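Participant: Here is how the chains run, residue by residue.
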Amino acid sequence: MGTKMQSPLARVRHMGSAKEGVNHWWWQRITALMLIPLSLWFVASVWMIVISGATYTELVSWLNGPISASLMLIFLGSIFLHLKLGLQVVIEDYVHTKWLKWSLIVLLLVLTILLFSISIYSVIAISLRG
Amino acid sequence: MSDNNRPLSPHLQVYRPQLTSVLSIFHRLSGITLATGAAMLACWLLTAAAGPEYYEWSRWFLSSWLGIGLLALWSWCLFYHLCNGIRHLFWDVGLGFSLKATYFSGITMLISSALLTGLSWGIGLSMYCLR
Chain A
1 MGTKMQSPLA RVRHMGSAKE GVNHWWWQRI TALMLIPLSL WFVASVWMIV ISGATYTELV
61 SWLNGPISAS LMLIFLGSIF LHLKLGLQVV IEDYVHTKWL KWSLIVLLLV LTILLFSISI
121 YSVIAISLRG
Chain B
1 MSDNNRPLSP HLQVYRPQLT SVLSIFHRLS GITLATGAAM LACWLLTAAA GPEYYEWSRW
61 FLSSWLGIGL LALWSWCLFY HLCNGIRHLF WDVGLGFSLK ATYFSGITML ISSALLTGLS
121 WGIGLSMYCL R
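Chains A and B are the protein sequences, given in the same order.
With the numbering used here as the guide, the letters of the first sequence map in order to residues 1 to 130.
With the numbering used here as the guide, the letters of the second sequence map in order to residues 1 to 131.
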């Protein structure tokens with residue numbers, strides 16, 4: 001027998017390493033790092049717009065600017081990638097019934113793509129209109 | 001939940017809660033809560049893109065008691081996840097693993113997240129009152 005503790009069949013049956021764990025780990029950290037300044041910017045701008053009860057015109061004229069629109073797109077890309085990676089780990093850790101686990105991961109991916117696309121479209125639509 | 005009845009670990013219920021484990025559990029819980037906040041952000045942006053009459057829906061919801069409660073929850077979760085996330089990034093490069101450092105960073109993180117949440121609401125609400 002070889003030195004591996006696992007038969008080739010077990011590997012084929014997805015019981016072995018998918019060799020993608022480091023990739024997942026890295027993207028989680030890169031987005032986390034980006035989100036430190038980005039979320040502070042988010043709180044200082046978007047959060048304040050919501051809490052201070054700004055009008056529609058005030059919001060649109062702020063989001064029209066090239067810097068705020070670009071930062072908003074970068075922020076959205078980072079949070080949706082970060083939450084997809086994070087929630088996937090939560091599902092993998094706590095849901096052990098195979099069909100339910102895979103259904104939830106598929107649902108997570110679909111919802112992430114939907115919400116991400118909706119928000120990107122909205123930012124671009126507001127920018128182009130103004 | 002298991003379909004093969006293999007023993008699962010860790011058995012959280014047999015451990016006495018410690019600051020370290022409780023903070024770790026809340027990191028996940030705050031992350032899950034923030035994901036619902038991201039969904040709200042997407043809806044908020046969509047109503048803004050749809051026009052002023054639709055944006056009023058978002059304004060109406062976010063100024064309701066439920067909306068304000070959710071905003072309070074999301075803001076605290078955001079600062080908690082941010083501060084504790086920085087703590088995790090230090091661990092990732094191998095810093096602050098001693099028991100003393102872990103407790104110190106944990107308490108510092110809790111205090112700073114509470115202060116930042118209070119500060120953001122303080123500034124936001126005074127801006128609201130000054131309108």
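Source of the hints: derived by calculation from the structure; they are not laboratory data.
Quick caveat: nothing in here was measured; it's all calculated off a predicted structure.
Each hint should be verified, as a subset may be incorrect.
[Stated by the list, open to error] Just the calculated beta-carbon pair ranges, DEER-fashion:
#1 B:E53 x A:I30: 20 to 28 Å
#2 B:L89 x A:S61: 29 to 37 Å
#3 A:A10 x B:G51: 55 to 63 Å
#4 A:P37 x B:G118: 15 to 23 Å
#5 A:W99 x B:L89: 30 to 38 Å
#6 B:L89 x A:Y94: 17 to 25 Å
In this text, a Cβ means the ideal position worked out from N, Cα and C, and glycines have one as well.
Participant: Range hint 30 to 38 Å: satisfied by the CB atoms of A:W99 and B:L89?
Facilitator: Holds, since A:W99 and B:L89 (Cβ atoms, about 35 Å apart) stay within the stated range.
Participant: Regarding A:A10 and B:G51, is the given constraint of 55 to 63 Å on their beta-carbon distance met?
Facilitator: holds, 57 Å
Participant: Taking the CB of B:L89 and the CB of A:S61, does the distance hold inside 29 to 37 Å?
Facilitator: Once the Cβ atoms are compared, 36 Å apart, the range 29 to 37 Å for A:S61 and B:L89 holds.
Participant: With 17 to 25 Å as the target window, see if B:L89 and A:Y94 comply at their CB atoms.
Facilitator: At roughly 24 Å between Cβ atoms, A:Y94 and B:L89 fall inside 17 to 25 Å, so the hint holds.
Participant: For A:P37 and B:G118, compare the CB-CB distance with the range 15 to 23 Å and indicate the outcome.
Facilitator: Holds: the Cβ-Cβ distance is about 21 Å, inside 15 to 23 Å.
Participant: Note whether the CB distance of B:E53 and A:I30 lies within 20 to 28 Å or breaks it.
Facilitator: violated, 40 Å
Hint 1 from the list above is the single one not met by this structure.
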